[in-house]
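Visitor: So the protein lines, in turn, are chains A and B. So the first sequence is numbered by the numbering used here: it starts at 175 and just counts up by one. So the second sequence is numbered by the numbering used here: it starts at 71 and just counts up by one.
For the record, the hints were derived by calculation from the structure and aren't laboratory data. These numbers come from a predicted model, not from an experiment. For every residue, glycine included, the Cβ atom is placed at its ideal position computed from N, Cα and C. It is possible that some hints are incorrect.
Covered by chain B, according to a simulated footprint, are these stretches of chain A (three or more residues, beta-carbon under 8 Å) [said to hold, decoys possible]:
1) 281–293
2) 390–404
Taking lysine-lysine and the DSS-like style, the derived pairs with C-alpha atoms no more than 30 Å apart in a straight line are [unchecked claim]:
3) Lys397/A <-> Lys147/B
4) Lys457/B <-> Lys483/B
5) Lys402/A <-> Lys315/B
6) Lys397/A <-> Lys201/B
7) Lys262/B <-> Lys397/A
8) Lys500/A <-> Lys251/B
9) Lys286/B <-> Lys262/B
10) Lys264/A <-> Lys200/B
11) Lys408/A <-> Lys364/B
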Amino acid sequence: MKIENKKKIISPLLIKLTLFLSIVGPGLVTANLDNDAGGIATYSMAGAQTGYRLMWVLIPVTIALIMFQEMSARMGIVSGKGLADLIREKFGLRITFYSLFFLLFADLGNTMAEFAGIASSGEIFGLSRTITVPICAALVWLLVLKSDYKSVERIFIIGCSVFLTYIVSGFIIAPNWHEVARAIATPNLHSITSKDLPIMVGLLGTSITPWMQFYLQSAVVEKGISTKHLWHSKVDVIVGCTLMLIVTFFIMICCAATIYPTGIVVNDAKDAAIALRPIAGQYSSILFGIGLFNASFFAAAILPLAASYYICQGMGWESGVDRSFKEAPHFFTVFTSMIVIGGAMTLIPGIDLFKILLYSQVLNGLLIPIVVLFIINLCNDPDVMGEYTNSPMQNFISYILVMLMLLLNIPTIYFSFH
Amino acid sequence: MEIFKDLIDITLHFSSTVGIPIMNEDGSKLGRLHDYFIDYEEIYPSVLAIQFKRSGVLFYILWEEIISFSYQRIIIKKEAFPRRSRTFPKTLKAKTVTSILANQFTGPTVEYPPLGQIVLDKQIVDTHGKKVVRVNDIQFITAGKELRVTHAEVGMRSFVRRLNLEGPIDFFVRALSPQAKYLTNDTTINWKYVHAIPNRNIQKSVRLNLTNEDLKELHPADLADILEDLDSHGREMIFSNLDPKLAAETLSEVDEDLQASLLINENPEKVAEIIENMDTDDAADLLNELDEEKADAIISNIDDLEIQEEIQELLEHDEDSAGGLMTSEILEVSAEMSKGDVLAIIQKNHEEVASFHDIYIIDEGHNLIGTLSLQELLIHKDDAVIKDIMNDSDIKSLKANTHWKDVADYMNKYSMITVPIVSEENELLGMVSVDDVLDRLLS
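Using the sequences plus the hints, can you model the full thing?
Guide: Printed below as a string of structure tokens:
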């Protein structure tokens with residue numbers, strides 16, 4: 175017996191495509207979030223200061239990102255639980271509490287960086303940060319708690335396409351592709367100095383962040399993807415990360431080709447906008463400003479939201495934007511304080527934003543190996559993953575990547591404090 | 071000898087007993103307390119055995135073999151025999167009392183899982199507060215020679231205790247406000263309202279027979295809220311154990327995004343049974359969410375041919391139109407009937423009709439020729455004939471392709487609770503009731 179409903183009219187290909195698009199998403203959104211204020215600043219600075227020399231770092235970083243995000247996504251699909259839930263259930267309250275407590279601190283620093291990004295983009299248009307930051311903080315708060323967030327998310331993702339102009343700009347500049355390829359394929363390890371270490375850690379730290387692992391897993395859980403579609407979600411993660419890699423590549427290429435030869439030290443958003451001059455000419459700072467604003471605002475909305483979710487999940491408190499304050503007081507308190515404190519810190523006169531950014535970056539760098547170790551442990555636990563545990567090869571590569579992260583992070587932290 | 075003689079408190083907490091060294095009478099150390107096995111069949115379960123770990127292997131010792139239990143050490147009899155097992159074999163005794171958890175562990179070959187593994191740090195359903203909570207600690211009391219579980223602790227105090235910060239935090243709170251509620255009260259859930267949700271592993275290794283008696287007492291709307299708060303695994307586990315009628319009622323209350331995911335792993339026969347118990351309009355909406363193949367399989371499994379046909383008809387309409395919104399479970403009578411006939415029909419068919427607010431009168435060609443509200447019907451004499459009392463002059467009806475927003479406007483304008491839906495030829499197809507429209511308006 176067949177039903178003659180409207181679905182009949184749609185071709186099977188289209189159905190497959192819509193099915194795919196409905197599953198593809200979390201990975202793509204997360205990858206877009208990667209190019210946030212901190213990310214753009216780091217990539218621009220890296221390109222401007224070191225040229226093509228450190229671009230090869232992006233390759234292992236992307237591989238690590240794909241590996242770790244795939245694990246988080248798989249864990250979300252198989253267990254149907256968030257990362258904080260699983261950490262709590264396996265490692266108990268104490269370990270969960272202290273891990274999430276430090277994570278919250280790091281994320282407060284990250285939120286501040288997003289508001290600093292909003293401030294910088296406002297200054298491109300001649301708006302004082304004392305106006306833009308409070309208004310945007312209020313907007314972020316209202317947007318997430320009082321409106322239909324999901325539909326707004328799409329606007330942000332479309333907004334992220336501003337960064338695709340870097341690709342166009344890159345082709346207009348027409349750098350010496352041979353040189354670029356050589357720099358990536360044959361990394362010159364001897365040229366690395368202790369000055370490069372913070373940049374390398376920055377590239378790693380802005381690409382692989384602990385909160386994004388939590389965010390991705392929650393997003394996957396919320397989508398309710400079944401294990402039958404595990405493969406689609408893998409594609410989603412790979413496509414998202416590759417897209418991020420391409421954009422990052424071109425940001426670095428543009429900066430390396432336009433700013434590096436001039437010897438300008440990139441200090442603020444205006445300098446970084448030079449990289450878009452080949453495509454937008456005198457409007458390059460406007461284009462850059464829009465892109466930076468969109469990215470910062472997007473992340474400033476999602477970061478505190480993700481943090482409130484993982485805190486409440488781990489601690490066993492009620493959470494959800496559709497709850498009332500009375501039902502979920504902890505959730506709203508964490509969310510509101512992160513926005514208020516994060517926004518207010520950028521306004522304190524004489525505060526050394528860079529120092530705070532550095533500390534939150536260091537904290538991030540220390541926490542990501544810990545979070546990844548949690549992820550690897552959980553992904554090997556048959557109680558959590560059933561038949562979908564990690565393969566020995568996945569474990570081997572993951573542990574090597576964690577080792578490399580530690581090898582990179584520890585000397586950097588040492589140097590930055592001496 | 072009194073087992074608790076070195077213990078001052080009557081109440082104990084799971085977290086503060088874990089790690090107590092277990093010694094043999096002769097002084098040799100066996101290991102440290104790891105977890106408890108309790109008699110899940112009791113309302114306030116007594117501890118049957120304690121679990122300890124030695125070089126990564128789990129053992130248990132029967133409660134009867136313990137001589138003394140205190141925070142410093144647990145001393146067991148010299149001849150006590152630690153048994154190597156991750157679970158505790160259930161003793162089958164005549165059941166006199168039932169508690170909520172007990173119902174979950176009935177079955178022929180059942181091994182009890184340790185208490186901490188299924189409750190501590192896990193989500194449980196609080197069937198009294200009707201919500202899902204995460205357990206911070208478990209409370210015991212000493213009763214004679216026994217140790218019994220009384221509460222699951224979910225509040226701030228147990229939270230602080232787990233962090234080992236009870237001392238300093240108590241000191242500060244006492245200094246700031248000696249009367250603080252925090253010092254004396256903690257949010258706890260009485261054990262008789264605790265419904266544990268065993269995880270994937272437990273379910274596999276000990277084969278629990280979940281009957282969910284306690285959940286059946288809950289209102290479907292509360293049950294739907296609980297399902298929404300659970301993770302996908304716990305959700306499926308509870309949902310697949312509901313009987314078709316309760317499953318159908320719960321499913322209607324669950325968030326739309328979740329509906330399809332709850333049915334995705336069920337077999338078509340079971341889903342068909344659930345669908346049969348739903349209002350046909352809700353059922354059609356739900357089937358629209360599933361992929362076509364699955365929907366076809368479910369529909370062909372529906373035993374009641376009438377319902378099957380109705381759902382298929384509904385599926386032909388656009389979801390956003392009156393046709394997609396309407397239910398075909400309506401009260402339709404012929405004009406020649408008397409009030410008594412109609413009342414008899416109501417008594418007989420009340421299960422199959424979605425709402426009695428309005429009665430629709432049709433001719434032989436199934437065309438709508440009049441309407442009558444239940445209110446009007448009731449005020450007339452018992453021998454009144456429908457055609458004399460029905461409203462046939464200005465029948466308010468809508469076509470099946472009307473957009474739902476226009477349906478809402480129309481119903482609002484004429485203050486209607488239900489509106490009949492007819493075909494182009496005035497054939498009665500079904501009705502849209504105000505709650506179907508309200509759902510759309512609010513989402």
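Visitor: Could you check the structure against the hints above and give me the numbers of any it violates, in ascending order?
Guide: Violated hints (numbers, rising): 1, 3 and 7; every other hint is consistent with the structure.
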